[in-house]
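According to my numbering, the sequence shown is numbered sequentially starting from 112.
The set of hints was computed from the structure by calculation and includes no laboratory data. Since the model is a prediction, treat every value here as computed from it, not as a measurement. Glycine residues also receive a C-beta, built at the ideal position from the N, C-alpha and C atoms. Be aware that one or more of the hints could be misleading.
[As the list claims (entries may be wrong)] Distance ranges between label pairs, derived from CB positions:
{"no.": "1", "residue 1": "H493", "residue 2": "W312", "range": "47 to 53 Å"}
{"no.": "2", "residue 1": "R317", "residue 2": "T361", "range": "39 to 45 Å"}
{"no.": "3", "residue 1": "E683", "residue 2": "P568", "range": "28 to 34 Å"}
{"no.": "4", "residue 1": "E840", "residue 2": "S808", "range": "25 to 31 Å"}
{"no.": "5", "residue 1": "R317", "residue 2": "K580", "range": "44 to 50 Å"}
{"no.": "6", "residue 1": "K581", "residue 2": "P179", "range": "49 to 55 Å"}
{"no.": "7", "residue 1": "E825", "residue 2": "E516", "range": "34 to 40 Å"}
{"no.": "8", "residue 1": "N677", "residue 2": "H227", "range": "26 to 32 Å"}
[What the hints assert, rightly or not] BS3-like, lysine-lysine: derived pairs with alpha carbons at most 25 Å apart:
{"no.": "9", "residue 1": "K375", "residue 2": "K360"}
{"no.": "10", "residue 1": "K506", "residue 2": "K256"}
{"no.": "11", "residue 1": "K306", "residue 2": "K476"}
{"no.": "12", "residue 1": "K506", "residue 2": "K476"}
{"no.": "13", "residue 1": "K166", "residue 2": "K221"}
{"no.": "14", "residue 1": "K581", "residue 2": "K166"}
{"no.": "15", "residue 1": "K506", "residue 2": "K375"}
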Amino acid sequence: MLRYLYISISIITLPSLLPASRAAVENTLPPAPDPYLTAALATADGSVWIATEGKGIYRCTDGKTWQPMHTKPGYPPTLNAYALAQDGTGAVWVGTDNRGIAVWNGTNWKHIAREHGLAGERIYSIAAHRSQIAVATSGGISLYKNRTWNHHTRADGMADDIASSLSFDAQGNLWAAYACGGIGVLPASGTPVWKNMQAAWTHSPRQTIRQPLTATGTGLPANLGNAIAAYGPYTYCATTCGIARGNGKTWHYRRGRDYEAKNKGSLPPATPPPATPPPGTAAPPREQLLLEDYATALYPCEQGLWAGYREQGVQLLDPDTLEPKPTQPGDFNKAKDPRAKWVRQFVRLPGGALYAATYGGGIRKIADLPALPAPVLTKKQHPAHPYLPSIPTEKEIAAMLAKLEKGKPAEDPAFYWHEDWLTRGNWCDRYGHSAAILCAAASPENVDIRFDNTIPPTWITGMIGPQRKKGDYLRHWLHTGHDHANPNVLWNPEAGTRTEAEWDDHGEEYPMSQDGPDVWARISIPEGTHLLSLYFYNPNGHVRRSGYRDYLIELRTAQPNLTQENIPQLIEQSPVLARTRIFDFAGSGCWKNFIVRGPHTCYLRICRNNSFNTILNGVFLSSMDAPPGALPFPSAYAMPEKPELPPVHLSAGSRFPDTAMRLWSKTRRPELLAPGHRSMARLYALACYRFMGSRSSPALAASWQRALTLWTPESEKTYNDQINAAWAEIQENHPYARSRQWRPYSPGTVPLSLEELRYAQRQGIDWKQYRPTFKGTPAPTLEQLKQQAARRTQP
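Between the sequences and the hints, there should be enough to build the whole structure, so can you do that?
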C-alpha cells in the first residue's frame, strides 16, 4: 500500500544497469505517464523507476522521458504494481498486485510467483539490506538470502501475515508495519523470533472507540500500519491514527489535527479528556500536530523526518519530537485536487531534489535537499537473477507433517484464515459451494444462490450501524450491469455476465471523521465447519474521494436476530473473534476468508475506518465437511466434472506418496490444527503441490490448483470459455434468458418479450437471428414477428 524508500547517504558500490553513454537523472523528472503512482525508486545508476496502478512500470534514465519496462521480456501479465526496491547486486525488484515479484537484471525480467513457492501472490512492500531481500506478501514475509528463500507467517510469531511496509535498520534488523497488528521486528542476530508491539484495540469501557483520545502519548496510536522507516537511533511508523517513534525500548506518538473531530465522531461520542489534565499531558497547540491522522509515507534524512499524508500533502517533522519544523514545503500542499496530495512514497534524486509519488497527481517535486554522494559504479554487467524457491524434498514434506501433527486444536468458533488476490470475480467452483449473495446484483435485490437446502432464505441480512441519519438504510448500488471484460467484477450466473454492484453504507453523506455508519452482515452459520468469504473490489478508486476506502473487518458471534438498535450492546458484550484489513483494492479485487463453526450467528462489521464510504460486493459460504466434488452445480455455471481427490491412505506401490497426501489432507482442515499452526497450512499445501509435480495426475493437479486458488492466463481463459458456454446453454433451454426485457444487461439477448419468444419457439423460428451480431436478414423481420405474436395473443 504505502511504502518507505530507504536511501543511504553513504557511498555504495553497485553494478550499473545502464550503458556508459546514457545520462542519468540528475535533479529533474518529467511528468509521470499516469497520475496514479504507487511506488518510486531511485537506483544507484541514476535511474528513477515508478510503479502505477493500471499502466505498468516505467523508468527514466535521462530526466526527460519515461520508458515502459513492463513490455520487456519476462514481465508477468499485470499492469498493477505496488512495491519497488534495488538489491545489493543492482537488480530491481517489482511487487505486483497478484502475480508475485518480477526482477530486472538489465536485460530481462524473472518472474517469481506464488506457484513458484512465494508465500503469497500480492506484494505490499520490498526492502533490501546488503545481500538480503524481504518481500511482504499476502501470505507472509518471504526472505531471500544466499540463494535461499525462507518464509515467515503468524506461525513464526508475526502478529499478522500482511505487512504494509518493511524496513531494515543499519544492524540488519527487519521492521514490519503490520496491516492489522501493530509493529514487528525480526532480529538480525540470535534466534529469529518476531517481537511485536501493539496498541489497544479499543480505548473505552464500551469497546467502541478505536483511537486514543489524546493528541500525544506513549505506545502506538493504532495497529493499522501504513509505512515504517528505520533511521539512526529511531524507527518511525505511520498509521491511520498518526505517527509513532520508537527507540528500541519505548514508543511515543503524535496525532493529526483531525483527531478531535474523530473523537467526537466515535460511537458513542468519546468523552473528552479532563478539563485539567495531569502535568505533561496537555494537548499541544494545533500547529504542533500532524497535518492529519492518516499518515502514508516516511522519509527520514539529515534534514528531519518528511511525512506524507492521504489528503493533506507533506510535512517536515522534528525527528526527536515529531513536532512540525519551521521549514515546510512550498506549493506542494496548495494543490486544489486532494488526490494530488496523496503521498505514496518519497524519492530523492542524486542532485538532492525530493519528489513524491502521489496517487492522483503523478510525480511531484517537494523540495531541494543537499545532493547525495555519488555511488561508485562498477562496469556495466547483468546481475544474476535470484533463484526460485527450492522444491521440497520428501524428507522436508515429512518434517512439515510431523510439525502439523503436534499441538491440540482449539474449539474457537471463528478465526481469520487468508486473503486471495488471484481469483477476483471468477468465484464459481471456487467459493460459495453452499450459498452465495451477490450484493445488489439485481438491485434493489440481491442475487441469492443456495445449493445447500438446509440453509434458509434468511441466512444473511445486511444493515448499517447505528451512527446514521434518521431514515437512512443499507444501499443496494448497481454500478454497472454489464462489465463482461473486467475480471475483477463478480460473475453473475443469473445474467450471464459480470455485474458490478455492492452494498454500501451511504458513508459519503457523513463526515470522514465519523465512525460509521459501517456495513454489517448477520449470517446464520449451519452446523459444521465452513469457509466464510467476503469479496471486495473498488470499481471507481480513481474517481475523486472514492479512492479513500480502507476498512477494518471484525467478526463476532452472538444471539440471532439482533437489529441495528442492538449493535452498541453487541460491540460492548461480544468480543471480536477475528480481524483483518482491506485496502488498495482498486486495481484488483480481493477475497477475505474466515473459518467459522456452526451452528452460530456471525456478525460481520466492515468498519468504514474514516473512509469515503463502505462497500461490500459479495458474501459466500462453503462447507468444509462436504467431500470435494460432491456438491452439485447448476448449468448456470456448469463446469467439467470436478475430479475427486484420491484417498488419503493409498495402497502400497501407489505412485502418489503417502506422506504428501497425508500432509495435504491436514492442510485442508486448518480448524483441526493447533492455532499456532493454522497459518502454516497454506504454505505447506503449496509445498505439497510443488513436491508432487510430475508425480501428480492431471485430475489431481487441477483439483489442487483450485483448492490453492492458483490461476494462470490459460486457466482464466478456460474458465471464461466455460462460463460463456454455460450461459449459452441456459439461453438454449430457457426463453426468459433470451429476452432483453427480462435480462437487460445479459449478452446475446434479443429485443423480444417472453411471450414473443415463446411464440417464435412454437413456430420454429430461430430466435438467434434477431441478435445484433446476426449477419443477414431475419425471416420474418423483427417487426413482422412482433405483429404476428400480437395477433395470436389478441382476444
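Here is what the structure says about each hint:
1. H493 x W312: 47 to 53 Å: With a Cβ separation near 49 Å, H493 and W312 satisfy 47 to 53 Å, so the hint holds.
2. R317 x T361: 39 to 45 Å: violated, 29 Å
3. E683 x P568: 28 to 34 Å: Given a distance of about 31 Å, which is inside 28 to 34 Å, the answer is holds.
4. E840 x S808: 25 to 31 Å: holds, 28 Å
5. R317 x K580: 44 to 50 Å: violated, 22 Å
6. K581 x P179: 49 to 55 Å: With a Cβ separation near 53 Å, K581 and P179 satisfy 49 to 55 Å, so the hint holds.
7. E825 x E516: 34 to 40 Å: Since E825 and E516 have Cβ atoms about 36 Å apart, the given range 34 to 40 Å holds.
8. N677 x H227: 26 to 32 Å: violated, 48 Å
9. K375 x K360: violated, 32 Å
10. K506 x K256: Holds, because 22 Å separates the two Cα atoms, which is no more than 25 Å.
11. K306 x K476: violated, 37 Å
12. K506 x K476: Outside the cut-off at roughly 55 Å; violated.
13. K166 x K221: Holds, because 20 Å separates the two Cα atoms, which is no more than 25 Å.
14. K581 x K166: Violated, at about 43 Å.
15. K506 x K375: violated, 59 Å
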